[in-house]
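So the protein lines, in turn, are chains A and B. The opening position of the first sequence corresponds to residue 1 in our numbering, with each subsequent residue numbered one higher. The opening position of the second sequence corresponds to residue 1001 in our numbering, with each subsequent residue numbered one higher.
Think of the hints as simulated: they come from the structure by calculation, not from any bench. Just to be clear, a hint being listed does not mean it is correct.
Think about it this way: if two alpha-carbon atoms lie no more than 30 angstroms apart in a straight line, the pair counts; the simulated DSSO-like pairs of lysine-lysine are [unchecked claim]: (1) Lys472(A) x Lys1089(B); (2) Lys1089(B) x Lys167(A); (3) Lys480(A) x Lys1089(B); (4) Lys1089(B) x Lys475(A).
As the structure is a computational prediction, the values presented were derived from the model and not from experiment.
Below are the chains, spelled out letter by letter.
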Amino acid sequence: MIDADTIKVLLLEDDADDHRLTSKLLRTEKCQFDIDWAQTLAAAIEKLSQQAYDIVITDLSVPDSFGFETVAQLRAHCGQTPIIVLSSLEDEDVERDILLAGAQDYLVKGEFSKRIVTRAILHAVQRQQSVNEVNALVSELEQSQQQLQEQSLLLQKKNRHLRRLYKTAQEFVDNVSHDFRTPLTVIKDYVSIIREGMVGNVNDEQQTMLDKVSVRADDLNHMVDDLLDASKLESGLLGAWRRNVQMKDIIERAESLLEQRALVKNIELVVECDASLPDVYCDADKVGRVITNLAINAIKFAGDQGRVRLWAEADPAGHQVVVGVTDNGPGIEKKSLDQIFQRFQQLNTHIKSTVKGFGLGLNIAQQLCKLNLGEMGVQSQLGKGSTFSFTIPTANPSEVLRRWLTVNETYADSLRVVEITVDGDANLTSCDEFDGFLNCLLRCNDLLFRTTSQTWLLVMAVSPYESGKWFKRAKAEFNKANRNRPLGPLPDYRAETRNQWDAQDSKDAILLDFEALVQHANADCLTNCEGTV
Amino acid sequence: MTTMIDRRIQKHCGPHAFENRKPSILCVDDDPDIQTTIELRMREYNVEIERAFYGMQGIVEAIKTRPDLILMDLAMPNGDGQYLLDSIKRNAATADIPVIILTGMRDPMLKQQLLNAGADVFLQKPAHFDELLHHISRFIDIRQQDDDEELR
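Can you build the whole structure from these sequences, using the hints too?
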């Protein structure tokens, strides 16, 4: 333990005989002691300030100090060097005071042998070394703890700053979009009021022109949408709020937006959508945007007397619905087609670099498809026409999660499933309202599945710390919603974490666990339903 | 409370049960041009249009005139649409008036939030007039002016 061969001793002793005696005691074969002698406390302190000792051995009564005061003084000046007291006094009170003042040991003169002294010294030195090591570790720990605290504060500050920036960016984007759209709305409304002859007769030529103005105003509106989506996609601000929807609803809405455009361009727009299609799980607005983007392109390329077919088909084997837009335009040259196709294959394409002639719309459509856990494809034959199509998963929780895991391969934190249940006696309307509330709570990229009318499975990629925050936020929002709710309070709910996985768990294992949870929820539903019947 | 019953009776019996009281729509939008387009559009229907140009005015008008339907924008000075909606829904006298939101905002959460707060319909500008009309007709009896005359 004691690394140096020689132990440097400072001996404070006013009596020359005692000095000689002690020196003699310390002359052993085992260790080499190098003794430095001071006769007064002042001299000892002087020596301590000049060099380091391994140990201080001291008498209690020296000419300039007396009793445990000597020890206290030495302690104050010798830093971490151990102190052993040699005294002719034998008194338990004195002994306690001395140890309290900072001495390691107390030896009574004339009572000890050579061996005892040597051992006492060696042990004192060793003990002090351990104490020093522990102290060093403690202070190191304290330091790193302080550093951690400082860093955590800094991180909190930075996070606040980032949140502010995020909010400002989003607000800016939203405000710009709003400010663009207001005049566009007025233009479009006035044009159609004039066109419909509500404020005076309009001749055919004027009507055709007004139609074009209207469609062009729509173009501008779509461009605003595209630019906003592009900027949000680029900055990662565009999230998807996915839920169960009927494809037919989305297509009918898109159709109403496309009718006039097709009419103006003299294009026959055919919509083929089977009402028996299974529900899909997607962000309906975004799917609507993809359809409009593809159809606008198709109408543009179909040429005069063209025909554009908007269709949707089920693909049960792939657990998906395929939506496509087919035109009878000139088709796409092999070179461009390859280019487009390559883009579809790439995982992360740069939004703003476009395939020439296809504008931003196609890129955005592709990105929006990815957000909806689907893929885009293109087929074309020169002279015959082109088909752009995309897939959307059906509302099958396991399938949706499988696709989500493929897209979000690098979810940094742990993944967890929370089961949310509302009270058994809540009626369907209030359950639906609660569903709306849950959807408001959803963070972008969370997955929410309504497994029965009153149970939901929520999949989130969060650290345990954040998930605690989610539960708190949910409760706070719930209370807030109930406070100023005109329609009466929402039904009470329970939220429990059913399973969690970390980044090491394999995709298959996660899916297997999840499938079991879904089955369990479905089985519960069945027994409950039977119970009520 | 009376208005709620009135409105129910009215809905079941048609406006004639109430001495031809025209259904009224309160239109709250800070853009007078948008107000005008709606007014022009609705001219051929037997509907009264009231105007308000900012949120606070909307609250006052809603209480004063008790319209049968409120059509509102969101981004407005002096009391935005969200505030207006909350106030209307929290006041027992106006809570049962159906609300259609018509906005240029595109925040995907917004729709859910407002529907949750008691709005009945959420439409984005520029809205298709037919779509707007369809939703209006869900809440009030709109018939064209000349139909009405014929009936008389």
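Verification of the hints:
With a CA separation close to 27 angstroms, the supplied pair Lys472(A) and Lys1089(B) stays within the 30 angstroms bound. Between Lys1089(B) and Lys167(A) the alpha-carbon distance is near 28 angstroms, which keeps this suggested pair within the 30 angstroms criterion. For the hint linking Lys480(A) to Lys1089(B), the alpha-carbon distance of about 15 angstroms falls within 30 angstroms, and the restraint holds. Between Lys1089(B) and Lys475(A) the alpha-carbon distance is near 23 angstroms, which keeps this suggested pair within the 30 angstroms criterion.
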